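Residues per chain are reported as follows:
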Amino acid sequence: MRPIVVVAHTRPVTRVKYNRDGDLLFTAGKDSGFKVVSSATGEMLGTYDGHGGVVWDIDINPDTTRCISASADSTARLWEASSGKVLHTWTSIAPVRSVAFNPGTADKALIVTDKKMGQPCTAIIVSIKDNPADIPEEPINIFLPDPELTPALIARWGPDQTIYMGHENGTISCWDAMSGERIASKKIFGGFVTDLQFAEDMTHFIASSKDCSAKILDLKLHTIKTYTIERPINSAAMCPHKEHVIVGGGQDAANVTTTGAKAGKFESRFFHKILGQEFMRVRGHFSPINTVAVHPDGTSYTTGAEEGNLRIHHLDPDYFKFKLDPRDP
Amino acid sequence: MAPADFDHLPLDLDLADDAALDAALDYSDLEAQFAVPEVDHFETVLVVDGVPVVDEAKRDKLFSVIRKQFAKEGVRIKEHGFDMPMAATGKGGKLMSKGYVFIDFETPADADLALKNLQLFKFDKAHTFFLNRFKDVEKYAAVPDEWDELAAVGPLPPFKEQGFFRDWLLDQAARDQIAVFNKNTVSLLWSNKDKAPEVVHEREGWTEGYVAWSPKGSFLASVHRMGIGLWGNAAMDRLTRFHHPGVRFLDFSPLETYLVTFSPEPLPQVAAGDTSKPWGPESAGHHVCIWHVRTGRLLRSFALTAEEIATKNVPWPLFKWSWDEKYFARIVANAKITVYEAPAMALLDKKSINLPGVTEFDWMPYTPDEDEETAAKKKAEEAASSTPNTPTKGGKGKGGKKGAAGAANEKRNLTPAHVLAYFVPQTGTDNPAQLALMSLPTRQIIRQKQVFFGLGAKIHFHPAGDYVLFKVDRTNRSGKASFVSLEVFRLREKDFPADSVEFKEIITAFAWEPTGNRFAVVTTTDTPNADIDIKTVLAGAPGKMTAHIYEVEAAHTEAPVAKRGGAGAAAAAVAAAKTVPGGVQLVKSFDRRAVNSVFWSPKGRYVVFAGLRNLQGVLEFFDVDAGLDAAKDAAAAGGAKVTTTVVNGTEVTASKSVERVAQLANTEHHGATDLAWDPTGRYVLSTVSMWAKGADNGMYLWDVRGTLLNKSPREALKQALWRPRPPTLLSKAKLKHIRKNIKSYAREFEIADAAESSELGAAEVERRRGLFNDWIKFRSQALLAIEAVEEVETVM
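Chains S and Y are the protein sequences, given in the same order. According to this note's numbering, the first sequence holds residues 1 to 329 in order. According to this note's numbering, the second sequence holds residues 330 to 1125 in order.
Because the hints were derived from the structure by calculation, they are not lab data. Since this is a predicted model, take the numbers as computed values, not measurements. Glycine included, every Cβ here is placed at the ideal spot set by N, Cα and C. Among these hints, one or two may not hold up.
[Said to hold, decoys possible] Here are the simulated PhoX-like pairs of lysine-lysine, each with C-alpha atoms no more than 25 Å apart in a straight line: (1) Y:Lys932 with Y:Lys522; (2) S:Lys323 with Y:Lys932; (3) Y:Lys512 with S:Lys210.
[Stated by the list, open to error] Quick list of simulated restraints, FRET-style, between CB atoms: (4) Y:Arg532 with S:Thr41: 56 to 64 Å; (5) S:Thr41 with Y:Ser1109: 34 to 42 Å; (6) Y:Gly1090 with S:Phe322: 14 to 22 Å; (7) Y:Arg623 with S:Phe322: 29 to 37 Å.
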């Protein structure tokens, strides 16, 4: 497996995401950049210019016509995927931390702002219309996650108009998007929740934390599986078709200069999702991995790291033949 | 009844009846309060024994001489303070003294002073005074002639079963144990080959400082603020406590009989007769204690020298023990070696060995020759067993030959049993450094060598006592260039021949092969200068280090090599048996490595060069006898592969192309700080401890080939120590037999291994099946739940 290295950003990569078809790979970075590359070759296809601050989070609608981005310039923007034109801008008074289209229809979007500049962490549900001119300024719903849960670092749609958030103190919470009511919350981790990714069938999700663990939780926030490494985990993803989990992380960025590349363990690590056993490690980055995304077909995966590079790994045939257990698909 | 306890007075007590009242009341408190102290009227009186026997005439003269002599010591005697009993025992009933005198001193203080200063006073050539208190005479006279132990020390405490101290050696799989100290917990683990270690005992707060094994593995010592705790037997019960406040270091004697402890705090003063502390008044201010391990009794305490206390620099172990614990010794102030005898704890021959300038010494390890008697017995047995099987003459001849060869291989002790090696560095320009071997208790120097400009040395005895090596740091005459010379003495050869190897580089590590004739050295090409200090140089820089393996060859006679045909045949036939003087030879060097330490397998042959701490944990495994095996294999294959050709009169064998030293693995345990072979030489444990590194603390287990067997991460790992094993009880012959038939012995273990791994497989399969079933159950339920919600929505 020879990865394709894409020098995508001049500052750390914050998020990589495949579109539903898997032909495009979207990437956002702290250099205010939001770009799209070919997932097959790593070729740069276009940029979405306009943000004036760190782009924290991005999402793509299922038919890849539109993208949404969250930025520390206190805006969330809706883009036309093919042209890079801004279709709509939502302006907040605090940095925007997370964005997401609602699953399936993408007729709503979730925007979560940071607890910064004297503002509380706020979740905003906005309506998305086919004609950008029809998008109402007034959001559908606004609610404030309870302050004792600490600010939300990541927010994703769950099934049935629910929203799942990961908080600074390690809590995962679940909300009703329409009423803003808290359905459940539970302290799951001992540190920052760094990522939250749903399985394709929406029956469970994987969340990762700075406390060096990643966990699979069901919709009622029961821990189903735990994967632990020796380093903080910044991102965890589940492979479709294969019962595998990929986690990425490494020595805290603040300590990187004092540790060698080997000691930092800047590796993507493969666990068997059910058996919890680690079976593969992929090295290459020389700084912590910030984000991991798996191709919708499970044929490749991409990691984005603190150094600003993406590494697109097209998995070898051997990987698909490999079975840790005879029951493996 | 307690004083003034009126609650318990009988109700029908008649208060008018004094006698009844007295019987009922307890006056002990009043009695104690008004007790009159017993006055010793004889406290100024001493009985002086050993006084010349004189007659009436010389009596007063004697008194005046004694008075004068005592006055010199500042002791005053009362005017008529002499009382000397006389008896008519002389010729013709003449009154003669009895050889003792009662002396009444001016004050009790005078008597005390006399007792202190004039005890064993030499009055003249023939007379020595013995002084005793008047009261003591009565006391000593009352001691019964028969020793009554029960009356003297009381009944023996009931026997307490302490358990079996070598329980761990009975493990069916012959596994070894590791004591691991991490966070606040000490765990005793079985080291497993194919799976993670198994916990035997795990206790939080087992120690406050660290833990240490005794040399034969019987005891685990834990260090606490108040002293040392000793643990042993199958349940790891506490066996003994050694109360030594602030104890910092401990050291066992080689056979586990004695324990030496050191505390930076001086022992506090205790009153005479106070038995609450294990030490007495004479130990006040001492820092070092020697204890009897089994009973927990303090045998003797030692003071440190003023310099050691001032500089806080105490070499540890302070005392070095001889192999049989008969002697222990230390260097005092670089001026003398003091040797003490155990168990008496007394200075050997009441005097130290004066060696001005001495900086280093060590005891020679020694293995007694197999007793003549047992050897003879064995011979008889061998003869008996071989006779029925090999009655032919040829068979006998073969046996005899074998016996002779065995005797030649047998190591014989040429040295006395107790030998000290010491080093005295060069002083001035004319007194070269001294390397010497001294026999004890005779104090005879049995071998000596002078080395010019030797400034310092380390002494490395071969663990079996075959050799001694002095690593001497030297300079040239001008003092500008420094170098190191290794001075090796062969102790199993007559006159202990010496050889020398010199290094221009700095030596960072040295080790003898424990059972062989080789040693390994690691050198660095770096030299300390303005940018790099000596510590950094010793820690090593990658690519600057060289690993060497040397061999010490014994003097021997080489038989002429039989040569088949060829041009050199005639010349070879002429060549007679050659005498080889022996010496130190380089076997192999490996340069540009990232290693700074060396670890031989306790059974020899295998060696690991490691780059610990700064060098990030490079581990290089070597087999020093790989060539030997290859040659054997070739010979077994029919000798076809060993082709001998003669080139220009020198013989070249193809088998020589097989490297004698083979690298088995070049691997890494990233950040490793420590490394240790298990006591059997089967495994290597590398560890990353929290003292050197904050993250990734844990242990890796390797086999001799450098294959990683398992990893056990341990947060905040402080110590990981293999439990030592006592030496084998098998005789040399038995060991030889096992080595020869290793395959049949190994089979049993192979079968057990196979059975275990299949068992492990079955358990693992079962576990995995369970995990899969749980997962499938979870998924189907979760999917059903979602579908149910969707159905509800569609209905609505």
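Now for the hints, and whether the structure bears them out:
{"no.": "1", "hint": "Y:Lys932 with Y:Lys522", "verdict": "19 Å, holds"}
{"no.": "2", "hint": "S:Lys323 with Y:Lys932", "verdict": "41 Å, violated"}
{"no.": "3", "hint": "Y:Lys512 with S:Lys210", "verdict": "22 Å, holds"}
{"no.": "4", "hint": "Y:Arg532 with S:Thr41: 56 to 64 Å", "verdict": "60 Å, holds"}
{"no.": "5", "hint": "S:Thr41 with Y:Ser1109: 34 to 42 Å", "verdict": "40 Å, holds"}
{"no.": "6", "hint": "Y:Gly1090 with S:Phe322: 14 to 22 Å", "verdict": "19 Å, holds"}
{"no.": "7", "hint": "Y:Arg623 with S:Phe322: 29 to 37 Å", "verdict": "59 Å, violated"}
Violated hints for the displayed structure, listed by number in ascending order: 2, 7.
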